[in-house]
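Engineer: Since the structure of chain A is provided, determine the placement of chain B with the ligand on it from the hints.
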Amino acid sequence: MEATVKIFRFNPETDQKPHFETYTMPVESTDRVLDLLEYIKGNFDGTLSFRRSCAHGICGSDAMRINGRNYLACKALVKDVGLKIKVEPVLGLKVIKDLIVDMDPFFEHFRSVMPYFVNDEPPPAKERLQTIEERERFDDTTKCILCACCTTSCPSFWANQEYLGPAAMVNAHRFIFDSRDRAAAERLRILNDQFGVFRCHTIFNCTIACPREIEITQAIGELKNAISTGALE
Amino acid sequence: MAFGRLTGLQGMRYRGGGPMLAFLLHRVTALGIILFVGLHVLASFAMQQVIWGDFGIFINTIYESPWFQIFVIFCVLYHALNGLRIVIMDFRPGLLKYQREALWLQWFIFVPIYALTIFVVIQRALAGG
Ligand code: FES
Chain A
0 MEATVKIFRF NPETDQKPHF ETYTMPVEST DRVLDLLEYI KGNFDGTLSF
50 RRSCAHGICG SDAMRINGRN YLACKALVKD VGLKIKVEPV LGLKVIKDLI
100 VDMDPFFEHF RSVMPYFVND EPPPAKERLQ TIEERERFDD TTKCILCACC
150 TTSCPSFWAN QEYLGPAAMV NAHRFIFDSR DRAAAERLRI LNDQFGVFRC
200 HTIFNCTIAC PREIEITQAI GELKNAISTG ALE
Chain B
0 MAFGRLTGLQ GMRYRGGGPM LAFLLHRVTA LGIILFVGLH VLASFAMQQV
50 IWGDFGIFIN TIYESPWFQI FVIFCVLYHA LNGLRIVIMD FRPGLLKYQR
100 EALWLQWFIF VPIYALTIFV VIQRALAGG
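Line by line, the protein sequences give chains A and B. By numbering that gives the first Met the number 0, the letter at position 38 of the first sequence is numbered 37, and the numbering carries on one by one without gaps. By numbering that gives the first Met the number 0, the letter at position 24 of the second sequence is numbered 23, and the numbering carries on one by one without gaps.
No lab work stands behind these hints, which were simulated from the structure alone. Among the hints, a few may not be true.
Unchecked claim - Straight-line Cα separation of at most 27 Å, DSSO-like style, residue types lysine-lysine; simulated pairs:
1. Lys96(A) <-> Lys83(A)
2. Lys142(A) <-> Lys96(B)
3. Lys74(A) <-> Lys96(B)
4. Lys16(A) <-> Lys85(A)
5. Lys96(A) <-> Lys16(A)
6. Lys125(A) <-> Lys5(A)
Stated by the list, open to error - In silico negatives: residues of chain B with every beta carbon more than 12 Å from chain A:
7. Phe35
8. Val40
9. Glu63
10. Leu94
11. Leu115
12. Ala126
We put the beta carbon where it would ideally sit given N, CA and C, even for glycine.
Just chain A, same shape as in the assembly (with noise of 0.2 Å):
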């Protein structure tokens, strides 16, 4: 099988505007994105510049537009995305290079929403207690890594940069519904910005685009209800 592959060059050192290149190279079914990427780099071009890590799912590096859509490039197989492959970055954050993409705005507004544990009390002789429940009732968002698939297929993220997105949100979900932690009202006012929980506009890119599977636009509605309720149910 040959697959052709169509990729968003970038060289900020050259280059004014971005342009396309295509390849073609011999592919089997259950490859991955990034293996052909991999293949670009190591035959035809290595100044191809994209981020990869652990090429396994986990780390959230390879994030980018694969026909049209956020996917990791180590998870998107051939098979998923057919013979005819483009590649581009994610939308709505700056192109450094190629498919590499600045993600400090990514990041700062993920530290904003204070994604760590909260908690003053004097800890208990061995640990702090959790029924299976209370475990349970934040246990999607655990699954977080961060990749930013969400947040650049998401058409309030792209009007403006400010919105925390829905990774940052994710994760404010993930401790605020955690019995264990203390400062779910503090977090909830920094979400309930101008640019916070209310630019949702249930779109549901971010749960599509999920490598993770985590049901975003629902933790995020579950969010807007503990603002507008005061409850954490």
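Structural biologist: Only chain B with the ligand this time, still in chain A's reference frame:
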């Protein structure tokens, strides 16, 4: 130097599927409603003026034409149903996992009501009403 953020038309090309289409249609139908209300206000204003009366009547004939009405009904009905879906889901986040079904349900309600209205509009138009 980095290349600017890619958004705008690039965003329109994003393959988000049904829910994103609903989001886009919600925006487009809102513009349709604004266009209708805008023309209405403009026509009412123009018809009060001594010199612009004919212009007012001309606009009137545009938005009272059956084609425009069919378009406006689409906008109002779609916008209302989609808005209702979002409001219900905002109040009951647990329902968000059924959003695919909700979108289908929305079309199931939309199609018969819209078809019936088109039928009435066309029937009246043909009868010269
Ligand atoms: S390379 Fe680590 S998630 Fe894809």
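Engineer: So, for every hint listed, does it hold in this structure?
Structural biologist: Cross-check of the supplied hints:
A C-alpha spacing of about 23 Å is found between Lys96(A) and Lys83(A), which places the hinted pair at or below 27 Å, so the restraint holds. Between the alpha carbons of Lys142(A) and Lys96(B) the distance comes to roughly 17 Å, so the proposed pair stays at or under 27 Å and holds. Using a Cα cut-off of 27 Å, the hinted pair Lys74(A) and Lys96(B) holds, with the two alpha carbons roughly 23 Å apart. Taken as a hint, the Lys16(A) and Lys85(A) pair is honoured in the structure, with Cα atoms around 18 Å apart against an allowance of 27 Å.
Pair hint Lys96(A) plus Lys16(A) holds up; C-alpha atoms about 11 Å apart against a cutoff of 27 Å. Under the criterion of a C-alpha separation no larger than 27 Å, the hint pairing Lys125(A) with Lys5(A) is inconsistent with the structure, at around 56 Å. For Phe35(B), the requirement that its beta carbon stay farther than 12 Å from each beta carbon of chain A is met, with the minimum near 23 Å. Against the 12 Å criterion, Val40(B) stays outside the reach of chain A, whose nearest CB is about 27 Å from its own CB.
Separation of Glu63(B) from chain A is adequate, the least Cβ-Cβ distance of about 33 Å exceeding the 12 Å criterion. At roughly 9 Å from the closest C-beta of chain A, the C-beta of Leu94(B) falls inside 12 Å, breaking its exclusion from the interface. Listed as outside the interface, Leu115(B) is consistent with that label: its C-beta sits roughly 28 Å from the nearest C-beta of chain A, beyond the 12 Å cut-off. At roughly 42 Å, the least C-beta separation between Ala126(B) and chain A is larger than 12 Å, which holds for a residue marked as non-interface.
Against the hints set out earlier in the document, violations occur for numbers 6 and 10.
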